[in-house]
Amino acid sequence: GAVVSQHPSWVICKSGTSVKIECRSLDFQATTMFWYRQFPKQSLMLMATSNEGSKATYEQGVEKDKFLINHASLTLSTLTVTSAHPEDSSFYICSAPESGAQTEAFFGQGTRLTVV
Amino acid sequence: DAKTTQPPSMDCAEGRAANLPCNHSTISGNEYVYWYRQIHSQGPQYIIHGLKNNETNEMASLIITEDRKSSTLILPHATLRDTAVYYCIVSTNTGNQFYFGTGTSLTVIP
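Taken in sequence, the protein lines are chains E and Z. Sequential numbering of the first sequence, starting at 1, is according to the working numbering. Sequential numbering of the second sequence, starting at 117, is according to the working numbering.
Hints were generated in silico from the structure; no laboratory data involved. All C-beta atoms in this analysis are idealised placements derived from N, C-alpha and C, irrespective of residue type, glycine included. Be aware that a few hints might be false.
Take a look, some chain Z residues computed to stay more than 12 Å from chain E by CB distance [what the hints assert, rightly or not]: (1) Asp127; (2) Gln161; (3) Thr172; (4) Ser186; (5) Thr188; (6) His193; (7) Thr195; (8) Asp198; (9) Thr223.
Chain E regions said to be covered by chain Z (calculated; three or more residues, Cβ under 8 Å) [what the hints assert, rightly or not]: (10) 35 to 49; (11) 63 to 69.
Chain Z on its own, in the form it takes in the complex:
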């Protein structure tokens, strides 16, 4: 069963930062936080993952609270191509099976 809670939808102006929250209050010590996104009718695309430290890559930044009960995915300069459903998932192993929640449908507005 999914262990995360996300808002169902969000809007963001093009060029602005998109901050997508995720609640995972029951996360275990050995569970990672993963973020994927799915553009309509495509397979999910990996964005970023982390255990407890904040992470940054070319796509996004991941901010994990100190108690690890929540996290925020930040897309620093949203573009129209970032419109997608974003999934936050917790899982024990990299590459493990994932139990997806309902995700957040992000719409980037021109």
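With the rest of the complex left out, here is chain E:
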């Protein structure tokens, strides 16, 4: 199947700093990508829909100014956690469907963010 890659796989940052997470579709184009967050022992929660060439769509309760999303190309979406705090520590996962194809969504391997 198609491959979605996230970078980094894990990151530790200091409270108050910003962290950028990349999500790439390696062998297909994706006009839309999705960002999820998962706290320990909980399910995945959809945060936002990333749209190539336009603004992201955020789920209710997700702060768009804190979680900046940029979808600059058909193979790359980035999530920036701004002014991170310990409560932002979580597992962040992206997914992407192949544009124009009737296929399942492919998920990245996830990024473990720890804010100290």
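Got chain E; can you put chain Z on it based on the hints?
Quick look at chain Z alone, frame taken from chain E:
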């Protein structure tokens, strides 16, 4: 919001079939049933999906009831590597955003 209900946990003996149920009584006519699984600290892995007919692939079989209000994922010969959290999701489009429920934690026992 999640539209599915699954038992929180199940055990299965290695080599036996694992049958994971899912209730989706409010499913709409154009919604598919998807199954993904998540092994600890990894991204979800696609297993199978279907609309109304039963489906089978190299990983599993999906049995959807005639009224489409429930389905069962069958892993025919469970192995220790099948230990994971299994999510049943309903969604209108292939590749669409997913609203995950709590899933079923399957433990395969030697």
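**Request:** Give me the numbers of the hints this structure contradicts, sorted from smallest to largest.
**Result:** Going through the list in order, the structure violates hints 2 and 11 and respects the others.
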